[in-house]
Amino acid sequence: MSNKGQIYRISGPVVTAIGIKAAMFDVVRVGDEGLMGEVIELHGDKCVIQVYEETSGIRPGEPVINTGETLSVALGPGLLTQIYDGIQRPLEALEEKMGVFITRGVDADGIVMDKKWTFNPTVKVGDVVEPGSVIGIVQETETIEHKIMVPPNKEGTIREIKQGDFNVTETVCILDDGTELQMMQKWPVRTPRPFLQKYAPDTPLVTGQRILDFLFPLAKGGTAGIPGPFGSGKTVTQQQLAKWSDAQIVVYIGCGERGNEMTEVLSEFPHLIDPNTEKPLMNRTVMIANTSNMPVAAREASVYTGITIAEYFRDMGYDVALMADSTSRWAEAMREISSRLEEMPGEEGYPAYLSSRLAEFYERAGRVETMSGDDGSVTVIGAVSPPGGDISEPVSQGTLRIVKVFWGLDAGLARQRHFPSINWLNSYSLYPASLDQWYRDNVAQDFPDIRTEISSLLQVEAELQEIVQLVGSDALPVDQQLTLEVARMIREFFLQQNAFHDVDTFSALEQQYKMAVAILTFQSEAKKAIAAGAALEDVVNVESRTNLMRARFEQGYLEKIDNLVGEMKKEINSAVEAEN
Amino acid sequence: MTEKEYRTITDVKGPLVFLNKTEPVSFGEIVSLRLSDGSTKNGQVLDTSDEMVVVQVFEGTAGVDLDTGIRFMGDVFKLPVSKDLVGRILTGAGKPRDGGPDIVAEHNADIIGAAINPYSRRSPEEFIQTGISAIDSCTSLVRGQKLPIFSASGLPHNDIALQIARQAKLKDSDEDFVVVFCAMGITAEEYNFFRYDLERTGALENAVLFVNLADDPAVERLITPRLALTAAEYLAFEHDYHVLVIYTDMTNYCESLRQIGAAREEVPGRRGYPGYMYTDLAMLYERAGIVKGKEGSITQFPILTMPGDDITHPIPDLSGYITEGQIVISRELHQKGIYPPINVLPSLSRLMNAGIGPGKTREDHKSVSDQLYAAYAQGRELRGLVAIVGEDALNERDLQMLKFADLFENKFLRQSRDEDRTIEGTLDLAWELLSSINTKYLVRLDQKWIDKYHPTEKK
Ligand SMILES: Nc1ncnc2c1ncn2[C@@H]1O[C@H](COP(=O)(O)OP(=O)(O)O)[C@@H](O)[C@H]1O
Ligand SMILES: [Mg+2]
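Order-wise, the sequence lines are chains F and U.
Numbering of the first sequence is given in the working numbering, commencing with residue 16 and proceeding in unit increments.
Numbering of the second sequence is given in the working numbering, commencing with residue 13 and proceeding in unit increments.
Bound conformation, chain F alone (with noise of 0.2 angstroms):
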């Protein structure tokens, strides 16, 4: 046998090859065209092939070749901005290439091979290096330094370092050993890159979203589930993540979505600004697309190109947010080929490996001492698409099981327009223990105790809407009905943040805990009044409370929330002296 064989079957995605020699998950080119495809199982002299693109037409006899590479994605300077398909094709290189519409048998480099970029070394000759090791810095956008880093494979002392212009296969240093370092590097998408030990979380993920950050808060380092049916707001919540989050690179992988969702983030994400460093969001950003109508193979492995580039900007220092939206569609891409390969089928058709992929997927997440010694982490936020919204089927269930954060949506929240959609007693995180220390060095000391506050108050009313559907409002006794406000102001006013609204759509952490106060210091003073003689209706519906409340879609609302407050505070004290 040799590195070349011819196609035996074709069914689909799935081509099985004879006469060729070839190891599991060697990339081969399938075809008169030569389409790219991977190694997926052996049998005998027989090996199939998942194809990374459209195989209507080639037929039996074909040559295959094995290029005795494994998958992998090229990591160097020219990542960031840049789309991707799920084996790390450019998108703009692929519409150069074929126009609109992408048809088959087109190669492209995953980085641009041709351009110079300044290499400053941070390393001089005589100096030992170790896998991991950062020898010197590239610009890469106006806000991110791409460190160049000594592969995980290499090592030794520098005989020579480069400065200047050089493109990414230039080589920068050579080591004694006669080594030569570039400033690109390969990594084998399905192997997760090293690093020296894994450290618990202790830092929330801000996202200005005031339930997430509030209620249930997401670590850098950390993994979060978001299950819901269709139009419940998974991929507006990924995006606001995408684009909010205080994370320093995002890599956003569209996974068996709509093409538009993508369209939709490279038209807005120019233009939007970082809130951390006031410059373009898409300089920190890496978005890798593979929509629903492109091959299912390649959706299988988007994810692994997505996580594998999260990785090693991780591996230069940095907080990397990673979200897949879905990874549904990626165990539908799993079952898809493993039908084709008519392997014995699990729950619901998915292969019996899928809760095993989906562990391994979410493990490449955490906070890492890298290789270099720096701390860095991956962030991986995952929707998931349930079937009908029954999160009982298998990918939920796989999910849950793993992430430690439960963004739970709701189709009856959204088909309210309460959006995000995420219901508020169902949800959970598991981080806020190992959080709060953060939250009180740097919000405020009582933000626990607040954050608990709230959300036992959210309990309280879903206790009382039950007797409220038996029995109506009215009635409650006047403190439960206080209660049913409170909760509600807490809904309409604190939980409920529009994404489209230019200000609601980003709330700092300080402006999130003042509302939160707000809201107990209605509550307090409205107790007050009301113990005073004033009546509900009257308390409820002074106007201050209604501008407190209005008031947050304006600009520069942290600095007017305390006046509005003090408003709030007078009107309901002469709630009381107009009723004495």
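Be aware that one or more of the hints could be misleading.
Distance ranges between label pairs, derived from CB positions [stated by the list, open to error]:
| no. | chain 1 | residue 1 | chain 2 | residue 2 | range |
| --- | --- | --- | --- | --- | --- |
| 1 | F | 294 | U | 212 | 52 to 60 angstroms |
| 2 | F | 492 | U | 455 | 23 to 31 angstroms |
| 3 | U | 369 | F | 390 | 41 to 49 angstroms |
| 4 | F | 492 | U | 434 | 44 to 52 angstroms |
| 5 | F | 484 | U | 320 | 33 to 41 angstroms |
| 6 | F | 456 | U | 319 | 53 to 61 angstroms |
| 7 | U | 50 | F | 120 | 34 to 42 angstroms |
| 8 | F | 206 | U | 116 | 53 to 61 angstroms |
| 9 | U | 30 | F | 120 | 25 to 33 angstroms |
| 10 | F | 518 | U | 320 | 28 to 36 angstroms |
| 11 | F | 518 | U | 184 | 26 to 34 angstroms |
| 12 | F | 547 | U | 467 | 36 to 44 angstroms |
None of these hints come from the bench; they were simulated from the model.
Quantities reported herein were computed from a predicted structural model and do not represent experimental measurements.
By construction, the Cβ of each residue, glycine as well, lies at the ideal position given by its N, Cα and C atoms.
Guided by the hints, dock chain U with the ligands onto chain F, whose structure is given.
Relative to chain F, chain U with the ligands alone:
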């Protein structure tokens, strides 16, 4: 194309034919079957290897036996495209059905269609006024969107689709759409309803019809929408037309898909539908949009009937995961005698935000639409409570919401089949109805719009 005819069929199962010992046959290749009575059928290769070939026969396998002759045509399925398609009625397999001549091809287009490069798309953002208040206000449509109608048997989805086809236009423009109509397994009666209406309004001259009726071969339905979309792409991206594709009924299409899956003994997904149905549907729905460097556009209106009125059924469910929203028709509203019986609450247009607002529709549109939703949702929910505790238990706010829900259904949703409302008219009507609620309860409305548009409180 090869002249060689094979008589090597080993098995026939449902719509599938299995044969062995052939020349190398390509995946997706078109196949011609000659039956012993001399008639012919067409099919397509689903699986191919040195030893065995699986063919799916579009017209069904009735009459196929082990002596049936098989020829491989050397190419994948293509549609001859030309501008002459406009004004024609074709079968579900793309042959003339109107007695007219064959289409003389400008070229032959592969019906599978290549994926649009996401980088090459432009964001759809041009508001289409349908003249139907429920849609224009709350689920606004934009050019290049795919927005299905989720309906159920016995509901007037066809009337709504036709009303949209008749009235749809860009705001302040008279430019017409070319309609590509694709029938899959609908009854002759339904089809005639569409055809006569298109004829009556003169739209037929500006339309292409691909028709597979209930008594036409079920497997053929798998190619009919692909033909329709290939014609649409040709017209939109080679000749700058704005194309509106209406296909009905997606449910029949999915049944055919299930039938093929079962015949291949595939591991079924939910409720027996193939696990790849999501991807398969995406390969139709995603053929909507607008792209860089081309003037034309494809807007899609797939119609599907939800089995058992169940929106969680795999057909509406997977569709909703792919399309850019959905318009949901409600049996309850229909039974109340309201036309169009559109339930705006589960309906959604995901591209609405890009298409509305100042310079596009009106500055207050977003605010008004949010408020309509919120008030109607609350009003409807309160109906349930009132049924238990009576209206007396409601406070002022709740009472107003409850009344609003009735007003909304009877004055706002309800309109006649030929009533074409402007978006300004729709929004003004919304304000009029909202003014029945005390302003302090209208928390979704920006104060500045209240000051400007509220019928009694404007400044
Ligand atoms: N935070 C939000 N603010 C405002 N609207 C939202 C928000 N989240 C979701 N939506 C609305 O819901 C629609 C569906 O959201 P999307 O994220 O696309 O749902 P999914 O991905 O779950 O199908 C959006 O088009 C938008 O109209
Ligand atoms: Mg989505």
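Verification of the hints:
1. Remark: the range hint 52 to 60 angstroms for residue 294 of chain F to residue 212 of chain U is upheld by a beta-carbon distance near 58 angstroms.
2. The beta-carbon spacing between residue 492 of chain F and residue 455 of chain U, approximately 26 angstroms, falls within the hinted interval of 23 to 31 angstroms.
3. A hinted range of 41 to 49 angstroms holds for the C-beta pair residue 369 of chain U and residue 390 of chain F, which are about 44 angstroms apart.
4. Our hint of 44 to 52 angstroms for residue 492 of chain F and residue 434 of chain U holds, since their Cβ atoms are close to 51 angstroms apart.
5. One distance hint, 33 to 41 angstroms for the beta-carbon pair residue 484 of chain F and residue 320 of chain U, is violated here, with the actual separation near 27 angstroms.
6. In this structure the supplied range 53 to 61 angstroms holds for residue 456 of chain F paired with residue 319 of chain U, their Cβ-Cβ distance being about 56 angstroms.
7. A hinted range of 34 to 42 angstroms holds for the C-beta pair residue 50 of chain U and residue 120 of chain F, which are about 41 angstroms apart.
8. Between residue 206 of chain F and residue 116 of chain U the C-beta distance comes to about 56 angstroms, which sits within the given range of 53 to 61 angstroms.
9. A C-beta distance of roughly 30 angstroms is found between residue 30 of chain U and residue 120 of chain F, which places it inside the suggested range of 25 to 33 angstroms.
10. Range check, residue 518 of chain F to residue 320 of chain U: about 44 angstroms between beta-carbon atoms, so the 28 to 36 angstroms window is missed.
11. For residue 518 of chain F paired with residue 184 of chain U, a C-beta distance near 31 angstroms keeps the hint of 26 to 34 angstroms intact.
12. A hinted range of 36 to 44 angstroms for the beta carbons of residue 547 of chain F and residue 467 of chain U is consistent with their spacing of about 39 angstroms.
Of the numbered hints stated above, those contradicted by the structure are hints 5 and 10, listed in ascending order.
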